[in-house]
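Once you've looked at the hints, dock chain B against the given chain L.
2 protein chains.
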Amino acid sequence: MTPFTTMLIIADNLQITHPEISAAVQQFRPGPIQEMVSRCIEAGAQAIDINPGPLPREAEKKMRFLVNAVQEVTDSPLLLDTTNPDALEAGLRVCKNPVIINGFSIEPHKLERILPLARRFDADIVGYLLMDNGQVPSDETDRLVVAVELYGAFAGTGLPPEKLIIDPIIAPVLWDNGIEQDRAVLSVIRILPEILGYPVRTIAALSNLTAGHCPRAKRMLLETAYLAMLAASGLTMVLLNVFHRDTVKTAKTCNALMDSKVFTWEEIP
Amino acid sequence: MTPFTTMLIIADNLQITHPEISAAVQQFRPGPIQEMVSRCIEAGAQAIDINPGPLPREAEKKMRFLVNAVQEVTDSPLLLDTTNPDALEAGLRVCKNPVIINGFSIEPHKLERILPLARRFDADIVGYLLMDNGQVPSDETDRLVVAVELYGAFAGTGLPPEKLIIDPIIAPVLWDNGIEQDRAVLSVIRILPEILGYPVRTIAALSNLTAGHCPRAKRMLLETAYLAMLAASGLTMVLLNVFHRDTVKTAKTCNALMDSKVFTWEEIP
Numbered sequence: 001m002t003p004f005t006t007m008l009i010i011a012d013n014l015q016i017t018h019p020e021i022s023a024a025v026q027q028f029r030p031g032p033i034q035e036m037v038s039r040c041i042e043a044g045a046q047a048i049d050i051n052p053g054p055l056p057r058e059a060e061k062k063m064r065f066l067v068n069a070v071q072e073v074t075d076s077p078l079l080l081d082t083t084n085p086d087a088l089e090a091g092l093r094v095c096k097n098p099v100i101i102n103g104f105s106i107e108p109h110k111l112e113r114i115l116p117l118a119r120r121f122d123a124d125i126v127g128y129l130l131m132d133n134g135q136v137p138s139d140e141t142d143r144l145v146v147a148v149e150l151y152g153a154f155a156g157t158g159l160p161p162e163k164l165i166i167d168p169i170i171a172p173v174l175w176d177n178g179i180e181q182d183r184a185v186l187s188v189i190r191i192l193p194e195i196l197g198y199p200v201r202t203i204a205a206l207s208n209l210t211a212g213h214c215p216r217a218k219r220m221l222l223e224t225a226y227l228a229m230l231a232a233s234g235l236t237m238v239l240l241n242v243f244h245r246d247t248v249k250t251a252k253t254c255n256a257l258m259d260s261k262v263f264t265w266e267e268i269p
Numbered sequence: 270m271t272p273f274t275t276m277l278i279i280a281d282n283l284q285i286t287h288p289e290i291s292a293a294v295q296q297f298r299p300g301p302i303q304e305m306v307s308r309c310i311e312a313g314a315q316a317i318d319i320n321p322g323p324l325p326r327e328a329e330k331k332m333r334f335l336v337n338a339v340q341e342v343t344d345s346p347l348l349l350d351t352t353n354p355d356a357l358e359a360g361l362r363v364c365k366n367p368v369i370i371n372g373f374s375i376e377p378h379k380l381e382r383i384l385p386l387a388r389r390f391d392a393d394i395v396g397y398l399l400m401d402n403g404q405v406p407s408d409e410t411d412r413l414v415v416a417v418e419l420y421g422a423f424a425g426t427g428l429p430p431e432k433l434i435i436d437p438i439i440a441p442v443l444w445d446n447g448i449e450q451d452r453a454v455l456s457v458i459r460i461l462p463e464i465l466g467y468p469v470r471t472i473a474a475l476s477n478l479t480a481g482h483c484p485r486a487k488r489m490l491l492e493t494a495y496l497a498m499l500a501a502s503g504l505t506m507v508l509l510n511v512f513h514r515d516t517v518k519t520a521k522t523c524n525a526l527m528d529s530k531v532f533t534w535e536e537i538p
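Residue numbers (this note's numbering), protein chains in the order written: chain L, 1 to 269; chain B, 270 to 538.
Hints should not be assumed to be uniformly reliable.
To be verified - Pairs of lysine-lysine residues, derived as DSS-like cross-links and limited to a Cα-Cα distance of at most 30 Å, are as follows:
1. L:Lys-61 / L:Lys-96
2. L:Lys-252 / L:Lys-218
3. B:Lys-487 / L:Lys-252
4. L:Lys-252 / L:Lys-96
5. B:Lys-330 / B:Lys-432
6. B:Lys-487 / L:Lys-249
7. L:Lys-218 / B:Lys-530
8. B:Lys-518 / B:Lys-530
9. B:Lys-518 / L:Lys-252
10. L:Lys-163 / L:Lys-249
11. B:Lys-530 / B:Lys-432
12. B:Lys-487 / B:Lys-365
13. L:Lys-163 / L:Lys-61
14. B:Lys-379 / B:Lys-432
15. L:Lys-218 / L:Lys-249
16. L:Lys-218 / B:Lys-518
17. L:Lys-261 / L:Lys-249
18. L:Lys-218 / L:Lys-163
19. L:Lys-96 / L:Lys-163
20. B:Lys-379 / B:Lys-365
21. B:Lys-521 / B:Lys-487
22. B:Lys-487 / B:Lys-518
23. B:Lys-487 / L:Lys-218
24. B:Lys-487 / L:Lys-261
25. B:Lys-432 / B:Lys-487
26. L:Lys-110 / L:Lys-96
27. B:Lys-432 / B:Lys-521
28. L:Lys-61 / L:Lys-110
29. B:Lys-521 / L:Lys-218
30. L:Lys-252 / B:Lys-330
31. B:Lys-330 / B:Lys-365
32. B:Lys-521 / L:Lys-249
33. L:Lys-249 / B:Lys-518
Unchecked claim - Reference listing, derived: stretches of chain L covered by chain B, where coverage requires no fewer than 3 residues with Cβ under 8 Å from a Cβ of chain B:
34. 165-176
35. 180-188
36. 210-221
37. 230-238
38. 251-257
These are calculated hints, taken from the structure and not from any lab test. Glycine included, C-beta positions come from ideal geometry on N, C-alpha and C.
One chain only, chain L, in its complex shape:
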């Protein structure tokens, strides 16, 4: 039997690039952050990605503030999404919700500074299929080679393999070879359990697909179609803009189709 799974819906909306969120973080005002999180949960988010950027100043204080602000309004899992290891550590120290470090790769500084935090805090961690120079691998084979290396590094922590969540890196379709890469992403999600020999958890950041300027209706069509393709390939977690209503509806519909229960129309939004 081919394994199928439902996808955890993770909001990518809590981003420092959002001006109101940025201002709230600068001023340590929890209100706008908590309102954003409540709207995400209302829109269908089952987990929240906290993305404060690289946090050049007051990194630890800001990350603590963000994690505390968010966990005051939800018990959902939180993804701590920064490349700043000090901020990650500060966030992990205060986080009471289920937590996922987002994330590491085989880049030497990430293996050295970020991966050990998973061990120290017994946290789940996202591993990106990026090469050791930080570049996106060029095809399916290269992604699988990186996956084996990434898994090897992760296994060295002694954590159980279920705590690793692999991100095969969706490419913008507008990249020269973007759609080829995105087909490779589908293949890699499907093949990883065979290659690594256990039911590997995977995550993908759907908004990457349509990065760049494009007409909204077409963006939504591309996003919903590719999301269902990811679901059919066995994706276990999807990071998306939960304010894209059609995309969330599609995610829920895919989950209804992938669930083992008897079907009822109530499951379709």
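Leaving out everything else, chain B in the frame of chain L:
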């Protein structure tokens, strides 16, 4: 590399169950049939399924009339979709367009009466994954067992394997185990090339998925999501209601994602 493919979009709209089509066939009036076909092509159909039912009376005359009416307005491939072997033969004799017999199964009377027509007319033929008693197999394994038997029977004709198009039979989600079956359909489409050892062509009738009473918005959501799942699984032909605009848009979007060309927004409808 995992093989991916675009899907041929086939209209399932030309059906005898449609009252105007039924009346036109009874009265041998080509107008309503040709108008329907032109609307299907306009809506995105790349091939037309001609489904006149079992044709209890004047079967041969009616099938000839239908095929001639349709091929006067399109050069697209035609699927001759009836269980009546005499009607099939009559249609095959007059058909000048590329033609696909739809179809046979391992039921004895179909092996005896329908499969030989593919050999005689050197036609492509759809093979349904139905058991020899006409029932739908209960799971993925049973479908694959039937597929091997079906392929064996087809191979006996001496036709090249590329002329066989396997239909794994989408189940209505409202069946007791409907969504389990529909997951098995996805697996089977993916696994068939490995099992049979060549790039097996596949077809699926999408309208089956939402057969029975259901709210239109939910029906569309289910249809588009499952269609993209079929595309990700490697489906090569899809039979659908081309007047479902969102479904056709999704099919075209999937094809843009599965095509090897450089992506442009013009490919997305």
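Outcome of the hint check:
Note on L:Lys-61 and L:Lys-96: the hinted pairing holds, with a Cα-Cα distance of about 17 Å set against a maximum of 30 Å. A C-alpha spacing of about 20 Å is found between L:Lys-252 and L:Lys-218, which places the hinted pair at or below 30 Å, so the restraint holds. Of the supplied pair hints, the one linking B:Lys-487 and L:Lys-252 holds, its CA atoms being roughly 11 Å apart against a limit of 30 Å. Between L:Lys-252 and L:Lys-96 the CA atoms are separated by roughly 27 Å; this keeps the pair inside 30 Å, and the hint holds.
For the hint linking B:Lys-330 to B:Lys-432, the alpha-carbon distance of about 27 Å falls within 30 Å, and the restraint holds. Distance hint between B:Lys-487 and L:Lys-249 is fulfilled; the C-alpha atoms sit about 10 Å from each other, no more than 30 Å. Note on L:Lys-218 and B:Lys-530: the hinted pairing holds, with a Cα-Cα distance of about 18 Å set against a maximum of 30 Å. Pair hint B:Lys-518 plus B:Lys-530 holds up; C-alpha atoms about 19 Å apart against a cutoff of 30 Å.
Of the supplied pair hints, the one linking B:Lys-518 and L:Lys-252 holds, its CA atoms being roughly 20 Å apart against a limit of 30 Å. Between L:Lys-163 and L:Lys-249 the alpha-carbon distance is near 28 Å, which keeps this suggested pair within the 30 Å criterion. Of the pairs offered as hints, the one joining B:Lys-530 and B:Lys-432 holds, with about 26 Å between alpha carbons and a cut-off of 30 Å not exceeded. Taken as a hint, the B:Lys-487 and B:Lys-365 pair is broken in the structure, with Cα atoms around 40 Å apart against an allowance of 30 Å.
Between L:Lys-163 and L:Lys-61 the CA atoms are separated by roughly 27 Å; this keeps the pair inside 30 Å, and the hint holds. Proximity of B:Lys-379 to B:Lys-432 is assessed by CA-CA distance (about 17 Å); at most 30 Å being required, the pair is judged to hold. For the proposed pair L:Lys-218 and L:Lys-249, the alpha carbon gap of about 17 Å is at most 30 Å, so the pair holds. Of the supplied pair hints, the one linking L:Lys-218 and B:Lys-518 holds, its CA atoms being roughly 10 Å apart against a limit of 30 Å.
Between L:Lys-261 and L:Lys-249 the CA atoms are separated by roughly 19 Å; this keeps the pair inside 30 Å, and the hint holds. With a C-alpha separation of about 36 Å, the suggested pairing of L:Lys-218 with L:Lys-163 is violated against the 30 Å cut-off. This hinted pair checks out: L:Lys-96 and L:Lys-163 have alpha carbons roughly 17 Å apart, not beyond 30 Å. Taking the CA atoms of B:Lys-379 and B:Lys-365, the gap is near 24 Å; set against the 30 Å cutoff, the hint holds.
Between B:Lys-521 and B:Lys-487 the CA atoms are separated by roughly 20 Å; this keeps the pair inside 30 Å, and the hint holds. A hinted pair counts as satisfied when its Cα atoms are at most 30 Å apart, and B:Lys-487 with B:Lys-518 qualifies at roughly 17 Å. Annotation: proposed proximity of B:Lys-487 to L:Lys-218 holds, straight-line Cα distance about 21 Å (limit 30 Å). Restraint check for B:Lys-487 and L:Lys-261: satisfied, since their Cα atoms lie roughly 18 Å apart, inside the 30 Å limit.
A distance of roughly 36 Å separates the Cα atoms of B:Lys-432 and B:Lys-487; the hinted pair therefore is violated under the 30 Å criterion. Taking the CA atoms of L:Lys-110 and L:Lys-96, the gap is about 24 Å. The hint holds against a cut of 30 Å. A hinted pair counts as satisfied when its Cα atoms are at most 30 Å apart, and B:Lys-432 with B:Lys-521 qualifies at roughly 24 Å. For the proposed pair L:Lys-61 and L:Lys-110, the alpha carbon gap of about 21 Å is at most 30 Å, so the pair holds.
With a CA separation close to 11 Å, the supplied pair B:Lys-521 and L:Lys-218 stays within the 30 Å bound. Restraint check: the Cα-Cα separation between L:Lys-252 and B:Lys-330 comes to about 49 Å, which exceeds 30 Å; the hinted pair is violated. Between B:Lys-330 and B:Lys-365, the direct Cα distance comes to roughly 17 Å. Compliance with the 30 Å bound is thereby established for this hinted pair. For the suggested pair B:Lys-521 and L:Lys-249, the alpha carbons sit about 20 Å apart, so the restraint of at most 30 Å is met.
A threshold of 30 Å between alpha carbons decides the hint, and for L:Lys-249 with B:Lys-518 the separation of about 17 Å falls inside it, so the pair holds. Taking a C-beta to C-beta cut-off of 8 Å, the region 165-176 of chain L contributes 3 residues in contact with chain B, enough for the three needed, and the coverage statement holds. Evaluation of the coverage hint for the region 180-188 of chain L: fulfilled, as 5 residues show C-beta separations to chain B shorter than 8 Å, against a requirement of three. Counting residues of the region 210-221 of chain L whose beta-carbon sits less than 8 Å from any beta-carbon of chain B gives 4, enough to reach three: the coverage restraint holds.
Residue count for the region 230-238 of chain L with a Cβ under 8 Å from a Cβ of chain B: 4. That meets the three needed, and the coverage hint holds. Closer than 8 Å: that is the beta-carbon criterion, and the region 251-257 of chain L has 4 residues meeting it against chain B, so the requirement of 3 holds.
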